[in-house]
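Chains as they are written, first to last, in this note's numbering: chain U, -19 to 159; chain A, 1314 to 1642; chain W, 1189 to 1948.
Warning: the hint list may mix true and false statements.
Stated by the list, open to error - Under 10 Å between C-beta atoms, here's a sample of chain W residues computed to sit facing chain A: (1) His1253; (2) Ile1256; (3) Ser1481; (4) Ser1633; (5) Gln1634; (6) Asp1636; (7) Asn1820; (8) Gly1824; (9) Glu1825; (10) Thr1872; (11) Met1876; (12) Pro1878; (13) Glu1882; (14) Asp1939; (15) Thr1943.
Bear in mind the hints are in silico, worked out from the structure with no lab data behind them. Here a beta-carbon is modelled for each residue, glycine too, at the ideal position from N, C-alpha and C.
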Amino acid sequence: MHFIINGQNHALDLDSRTSLLDLVRDHLLLTGTKKGCNQGACGACTVLVDGERINSCLALAVQYQDRTITTIEGLVSANALHPLQQAFIEHDGFQCGYCTPGQICSAIGMMAEMEHGVPSAITADLAGETVQLTHDELRERMSGNLCRCGAHNGIIQAIQDSFAEGGDFKTNYPKEAAE
Amino acid sequence: MIAFDYTRPASASEAIAIAAKQAHAKYLGGGTNLIDLMRETIEEPTALVDVSTLSNTIDVRDDRILIGAGVKNTAVAAHRAIRERYPMLARAILAGASAQIRNMASVGGNILQRTRCTYFYDDAAHCNKRWPGTGCDARDGFNRNHAILGASPACVATHPSDMCVALAALDATVHLRGVDGDRTMKLIDLHRLPGGRPDIETELRQGELITAVELPSLPSAARSTYRKVRDRSSYAFALVSVAAALDVDDAGHIRDVRLALGGIAHKPWRAFAAEAALRGTPATQPNFRDAAEIELKDAAGLRDNTFKIELAKRTIVATLSELNGRDRS
Amino acid sequence: MSIIQKAMQTVIRLMPDAASDPMIGADREIGKSLSRIDGPLKVTGQARFAAEVPLERLTYATLVHSTIARGRIATIDVAEAEAAPGVVLVMTYKNAPRMPPPLQMMVDAKGAAASSLPVMQDATIHWNGEPVAVVVAETQEQADYAATLVHVTYDVEQAATSFDHLKHKARTPASILGEPANITVGKAEAALGKAKFSIDQRYRTPHQNHAAIELHAATVLWEGNKLTVHDTTQMVNLTRSTLAAVFRIPEDNVHVLSPFVGGGFGNKGLWSHQILAAAAARLIDRPVRIVLSRAGVFRITGGRTLTEQRVALGADDDGPLTALIHTGFAGMTEHNDCPEQFTFPARHLYAAKSFLIDQKVIDLDMVANTFMRAPSESIGTFALESAIDELAEAMNVDPIALRRRIEPEKDPTSGLAFSSRNIVEAYRRGAERFGWDRRNAVPRSQRDGDWLIGYGVATATYPYYRMPGGAARIRLGVDGRAIVQMASHEMGMGTATTQAMHAAERLGLPVGNVTFEYGDTDLPPGTIAGGSSQTASIIAAVTAAADVLAADLIKLAGNDSPLAGLKPADVAMRDGGLCERDNPQKSESYVSILQRAGRDEISAEAAASMPLETQKYSMHSYGAQFCELRVNEVTGETRVTRWLGSFDTGRIVNPKTAASQFRGGIIMGLGLALMEDTVFDERTGRIMNPSLAEYHVPVHLDVPDIDVIWTDVSDPHSPMGVHGIGEIGITGVGAAVANAVYNATGKRIRDLPITLDKLM
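With the hints as constraints, model all of the structure from the sequences given.
Following this line, the structure appears as structure tokens:
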């Protein structure tokens, strides 16, 4: 099977049962992506596929061959932290650090959704062209990522600050699907 | 999880042909429910036929919208025509699961997801759905999330989908393809009540594949919404949910109303009785309440879920009142 | 408590005070907001957790759990599992190595195990979910599949699973964490009957789970008779000593590493999985990794147990309470010792003329319950602080004013002086900042459409603990950098950061020149990360080591140094060197001393002083929790909209990480108040929601912006004036929410969680 992960090509023989999460953690030793429940209930395993956030624990690796997959390890460029990673540190948007890679990948995927006008359950005006970056919108949209240490305030602040500062959040979000 | 063969056919017909050759094949969409069920050994397919790349367009016409079964939940909810013409559907989808799961889950898979009854999930419990004839531990156990309408002695599980509640209210039709050809079916006829065979959950035939969901024209659905009541503010299954569309004439009388309930039955529950009671009557809170009473007339509570009968009534009234744009009085 | 212990306590109390830490008040590094030193590792996914250590020839283990609560394994058929692809071993009680029961935490000084039950040694089943087999295979997928092929039948026995039906069998435990289970002062029942105002209520709290996001995991390797365990634990040293005893090898042969813990909250200790993985690894002579499934976490690691508590309060028009009664029951097992100290707050918080404190436990056949964040002050304050609110209403006084009125001058049950108590000030500042004066005491007086708005307040409190037995080593290099070492733990508290700050302050170095190393039993022994004790425990050990280091440096400096002739008591560590305390010009830098001596580094190690301060003083942390929330009148849904925690917890080392600790506790408290409930089916003794989908913890949308402030008053009797703060945030939260719900709706909810059906 062939995978494109963080810009690198990987070819390996794999049990068809292997999840995308176990592929990156156990086979490629990219252990930044975390296993918190293995049942799609916590978001710690969030990765980006073609710019969209998904739960890698519910994804069979075999189904994601030849897709562009980005994990937390792929966000660092030229040894510089992604602006959002820096903001997480600044705002203390984590404690134990276990849900953190999932929160960060999820936030990047979320920003792409915001840019493409994807509404949320609490968006008041579904017919609107754009979605406002309110505190509640961020909290609803990040609700798929549990944090048990209670770093929620710092996480939301980090995202809000990064987004307000116009960080580099361009992704390969498939526009046609959203329109 | 048992080992399985994986194939990704190029067309629906090819998928059906492959599945027909296997005794225990399953179609794989986004996998968000099936993979979990396989890990729990509830599903043990020996072959997975990946249909996630098939039927993934949304075809918008004036008189209908045809949504491919492979379209991701997010794409449906984000689609401008859905948001403008069927807001209840967009809202129902967005109320379900998490953004990550909505990005993975397909429309077909959402329809065919299975109950989250925790006794069904537990390999030590008695469950007529999982092992027919063994009994139902939920009936006298923890049943906060269980059915108050249409349940049977054999099973009190609920269907977990939010999207399907809106599809039920919208009179959606499901397009099917099988070895014997194509056919269509109303969504509300697709899922079954449990009766004596809760293990048989739909009217699908062996090897039949959902290829699309069709939304008929319903101008009044532009004024529609979905309200979900649950145990935390997000990322939880419904205790009760209500999909509603309301069309009121200038005199304040109800021309048309669509009402469906989630979280309360083995299938998405179309509230036909309440709709019939409301049509032609003034859009008032007492009338909403009367209609809710009629719909919940046969509701039966269990140890932990009796409150859902009143909650369902109140949520119906609140949702219709919100659509009616009048203050509660 | 034994007679000898009691005699010792009396002697200690009569001893003169130890001198206060002379560094109290130092503020060169302490008190500055510093981002986490390990932040870059955590945000890039490079922090390595227990399940992420790569090893050659690694195998993967999966557990098979019992499906009955009590009885015996009648048959266990492993043939099909053994024949499955990739399977290396199926271990059951029949082929597991013979192992003595693990040493029990709190009972044996070297014990880490939550339960004293032997692990997989015979056919007996003690709880529903107990491991009955371990399947080890070449891959996780193969192990998981083969585990489904182990077939077990049981001879079922009647299990003790019903808390309510077993109250008549409740027993009084020998002690509650070393404190008496029963305290009687005066005649409280009689006083209650005579009181002008009284309330007498029962409160119930359910089973809860820690639900750390990291699944319990261990990667285990044997090399001959030496065992290495990459674990996720709050107690590396106790894990080492217990595993050494279980495998009958010297402690030095066991190496436990736990550099990062993905959330602990009391739950990351020694359970059966580490022992089973090590046993399996020994049988196959290959390394084994075990990662519990999420259901496995619920089945083999215990959470907070259920309680029923009675709080009765009597009061007259003024003066202290006339009666304070706090009694009740907690579920426990016969094999553990975690009786849930829910009456602890009532022993210390309020002045009363009479007390009746009594705790009993009910033995159940369930997974051993254990300490969960603020055990069990979290749920004890739910009952007590709800009751105070009820009494205030009965008296028609403001609940903060009532608390001020019954503020004691000394500890009301022990009679000890308080070491530091500024709770009235915390309330004053909190009330002002929160706008408590805007609260209308009449329920249902504030609304916004369908939403009823309520305000609530409650006291937070948690004891100050410092654990004995820790030691620290300081390695000071000729480059002017220090490495401070102690086998302690980081699970999100910010240990590496705050301890680098403290050591830098203590040693007179910039924080950038100090590294704190921890989480490895090759280092000097640490104490457990529990009971909010670790910060003070480490500081005490580092302080002792710094004293030794200073003395050794004076010797090393010799007669050619400006320091010549000074005694250790005369010097201070400042500006990268030693100086005469009263004449700082007389100094020499560490670099200069080491260079002249021709040394690359100097190392000093010392054990912490015994925590005698806790015997002499009533030492506690305090806080005031303020809640604003909304309850939907139609559906009963509750949304917390605003929160302020005003704390009095000694000196704060790092405001940035401290604020996170407080917030984290408060947020876990919101879960406790509104949604958390491990449902335990009494018919089978089985936990029925062992998943994060069905065991609800707060999601982002449930969490409002949380404001936290603190008095920052140093405790003169603790090292550096600090108290631990990991637990206190959750205390009082349940009651503040319940009191706000009452203010919003007029409904008093006395059983947690406060779900919407209770408010419809």
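Checking each numbered hint in turn, tell me which of them this model violates, lowest number first.
4, 5, 6 and 14
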